[in-house]
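Asker: All chains, full assembly: derive it from the sequences and hints.
Number of protein chains: 2
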Amino acid sequence: MKIHFITGNENKVEEAKKKIGPLGFEVIQKNLNPPEIQSDNLEDVALFSAKWVSERFSEPFFLEDAGFFVDSLNGFPGVYSAYVFETLGYMGILRLMDGIEERSARFAAVIAYHDGKQIKSFGGEVSGHITQEPRGSNGFGYDPIFIPEGESRTFAEMSAEEKGRVSHRGRALEKMQEWLKEKDTTDR
Amino acid sequence: MKIHFITGNENKVEEAKKKIGPLGFEVIQKNLNPPEIQSDNLEDVALFSAKWVSERFSEPFFLEDAGFFVDSLNGFPGVYSAYVFETLGYMGILRLMDGIEERSARFAAVIAYHDGKQIKSFGGEVSGHITQEPRGSNGFGYDPIFIPEGESRTFAEMSAEEKGRVSHRGRALEKMQEWLKEKDTTDR
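Chains A and B supply the protein sequences, listed in that same order. Under the working numbering, residues 194 to 381 are what the first sequence spells out, in order. Under the working numbering, residues 194 to 381 are what the second sequence spells out, in order.
Some clues are possibly wrong.
For each label pair, taking beta carbons as the anchor points, the in silico distance ranges come out as [to be verified]:
1. A/E279 / B/N226: 26 to 32 Å
2. B/R288 / A/G329: 23 to 29 Å
3. A/S320 / B/P215: 51 to 57 Å
Some chain A residues flagged as far from chain B (calculated, every beta-carbon gap over 10 Å) [stated by the list, open to error]:
4. Q222
5. E229
6. R288
7. G329
8. E342
9. E344
10. E350
11. E354
12. K374
With a straight-line cut-off of 30 Å between C-alpha atoms, the simulated DSSO-like cross-links for lysine-lysine are [said to hold, decoys possible]:
13. B/K223 / B/K244
14. B/K195 / B/K211
15. B/K223 / A/K244
16. A/K368 / A/K223
17. A/K368 / A/K195
18. B/K313 / B/K195
19. A/K244 / B/K244
20. A/K244 / B/K313
21. B/K223 / B/K374
22. A/K376 / A/K244
23. A/K211 / A/K310
24. A/K244 / B/K210
25. A/K310 / B/K244
26. A/K210 / A/K313
27. B/K210 / B/K223
28. A/K313 / B/K313
29. A/K195 / A/K211
30. A/K376 / A/K211
31. B/K211 / B/K223
32. A/K310 / A/K210
33. B/K195 / A/K223
Everything labelled a hint here was simulated from the structure, so no lab data went into it. No residue lacks a Cβ here, since even glycine has one placed at the ideal position from N, Cα and C.
Answerer: Below, the structure written as structure tokens:
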């Protein structure tokens, strides 16, 4: 089954291909650059963008909005993680966390899928903590400073497959894939 | 002349009243909470929101989007200044600037005005620099850490009238007021 991933981020496409490619989905990147609203709710952002795309593109697609939420920074950088990464980088987060012991954080993602008729959303989260120093060179964004629960390595020290098994995006993709499989069975 | 200011921020309303009230404008706050898009361009954000409001509200109104741009932080917090203020406060900016000598920054504002038929935008900017420590208790947001060019006091050490004479918002309001006055003369 062909499915379009509306994003300008090739790293995300790579992760999606690794995750649901082996399950029979051909992920095709499409860069439509939909407007994203300012909101502290990832699902609101994803649904608004998906609605915009659905009015311009008739094939099945999904898009995703993700954020990195640091507890002791009141959830910063949150839904504006991409912009904060572009301006401050992960070193900005480490600087803000300087001397702070409470280092818990989480990644969250919401996927909005449109089958040509309706929009359905799927969420995924992963808790963990922030390192004192960056480690690893895989992945992208804040991966070098985040260690997921139950692990000793940062996301940037894992392969895309390993990251996909525990990551926010991996979990959201898994839910979408399960729902599509079930839908496929029901539709027959 | 009655004019609605679409905003949830009472500090901004107060500044607008002080600035254009004496010039014959009755500023009325209206909180419609339009969606704001994520963009690094203030004008795009303001125009998108103004279009949304104009489809729901038929009286003359203006709204405003403003940002605080720190040069050595690549423009951060920029268009997301309100969100960054809510999560990190101005102390977060001071922490990010710790040990950094280049402290130039600017405030920018874009006003989008709708007369019932068309939208017109007005920009205002003020350059200055970031203090080492917060000073003053007037104003709001990043005012306690910003000293405008040619001044020795922070925005938070000035009265609303004084701030309005040099501030980004004051300058944008001034342009709007001049344009409205001219339009009024032409229309007669």
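Asker: With reference to the structure, classify each hint as holding or not holding.
Answerer: Verification of the supplied hints:
1. The hinted window of 26 to 32 Å between A/E279 and B/N226 holds, with their beta carbons roughly 27 Å apart.
2. In this structure, B/R288 and A/G329 meet the distance hint of 23 to 29 Å, their C-beta atoms being roughly 26 Å apart.
3. Between A/S320 and B/P215 the C-beta distance comes to about 55 Å, which sits within the given range of 51 to 57 Å.
4. In this structure A/Q222 is separated from chain B by more than 10 Å, as the shortest Cβ-Cβ distance comes to about 20 Å.
5. Here A/E229 does not stay apart from chain B, with its beta-carbon only about 4 Å from theirs, under the 10 Å limit.
6. For A/R288, the non-interface assignment is contradicted: its Cβ lies about 6 Å from the closest Cβ of chain B, within the 10 Å cut-off.
7. Every Cβ of chain B is farther than 10 Å from the Cβ of A/G329; the closest lies at roughly 24 Å, confirming the non-interface assignment.
8. Residue-level check passed: A/E342 sits 23 Å from the nearest beta carbon of chain B, beyond 10 Å.
9. Every Cβ of chain B is farther than 10 Å from the Cβ of A/E344; the closest lies at roughly 26 Å, confirming the non-interface assignment.
10. At roughly 26 Å from the closest C-beta of chain B, the C-beta of A/E350 stays outside 10 Å, upholding its exclusion from the interface.
11. With a least CB separation of 31 Å from chain B, A/E354 remains clear of the 10 Å interface cut-off, as annotated.
12. With a least CB separation of 33 Å from chain B, A/K374 remains clear of the 10 Å interface cut-off, as annotated.
13. Among the hinted pairs, B/K223 with B/K244 is consistent with the structure: their alpha-carbon atoms are about 16 Å apart, no more than 30 Å.
14. Only pairs whose Cα atoms come within 30 Å are accepted, and B/K195 paired with B/K211 is accepted, the gap being roughly 15 Å.
15. For the proposed pair B/K223 and A/K244, the alpha carbon gap of about 27 Å is at most 30 Å, so the pair holds.
16. About 21 Å separates the Cα atoms of A/K368 and A/K223, which keeps this hinted pair within 30 Å; it holds.
17. Proposed proximity of A/K368 and A/K195 is supported: the alpha carbons are some 17 Å apart, at most 30 Å.
18. Our distance criterion of 30 Å between C-alpha atoms is met by B/K313 and B/K195, whose separation comes to about 17 Å.
19. Between the alpha carbons of A/K244 and B/K244 the distance comes to roughly 18 Å, so the proposed pair stays at or under 30 Å and holds.
20. Using a Cα cut-off of 30 Å, the hinted pair A/K244 and B/K313 holds, with the two alpha carbons roughly 28 Å apart.
21. Only pairs whose Cα atoms come within 30 Å are accepted, and B/K223 paired with B/K374 is accepted, the gap being roughly 23 Å.
22. A distance of roughly 21 Å separates the Cα atoms of A/K376 and A/K244; the hinted pair therefore holds under the 30 Å criterion.
23. For a cut-off of 30 Å, the pair hint linking A/K211 to A/K310 stands: about 27 Å separates their Cα positions.
24. For the hint pairing A/K244 with B/K210, the CA-to-CA distance comes to about 38 Å; that exceeds 30 Å, so the pair is violated.
25. Between A/K310 and B/K244 the CA atoms are separated by roughly 27 Å; this keeps the pair inside 30 Å, and the hint holds.
26. Straight-line distance between C-alpha atoms of A/K210 and A/K313 comes to about 20 Å, which keeps the hinted pair within the 30 Å bound.
27. Of the supplied pair hints, the one linking B/K210 and B/K223 holds, its CA atoms being roughly 13 Å apart against a limit of 30 Å.
28. With a CA separation close to 38 Å, the supplied pair A/K313 and B/K313 exceeds the 30 Å bound.
29. A hinted pair counts as satisfied when its Cα atoms are at most 30 Å apart, and A/K195 with A/K211 qualifies at roughly 15 Å.
30. Distance restraint check for A/K376 and A/K211: the Cα-Cα separation of roughly 22 Å lies within the 30 Å cut-off, and the hinted pair is therefore satisfied.
31. Distance hint between B/K211 and B/K223 is fulfilled; the C-alpha atoms sit about 17 Å from each other, no more than 30 Å.
32. With a C-alpha separation of about 24 Å, the suggested pairing of A/K310 with A/K210 holds against the 30 Å cut-off.
33. Distance check on the hinted pair: B/K195 and A/K223 sit about 47 Å apart at the alpha-carbon level, beyond 30 Å; violated.
Of the numbered hints given earlier, the model fails hints 5, 6, 24, 28, 33; all others are met.
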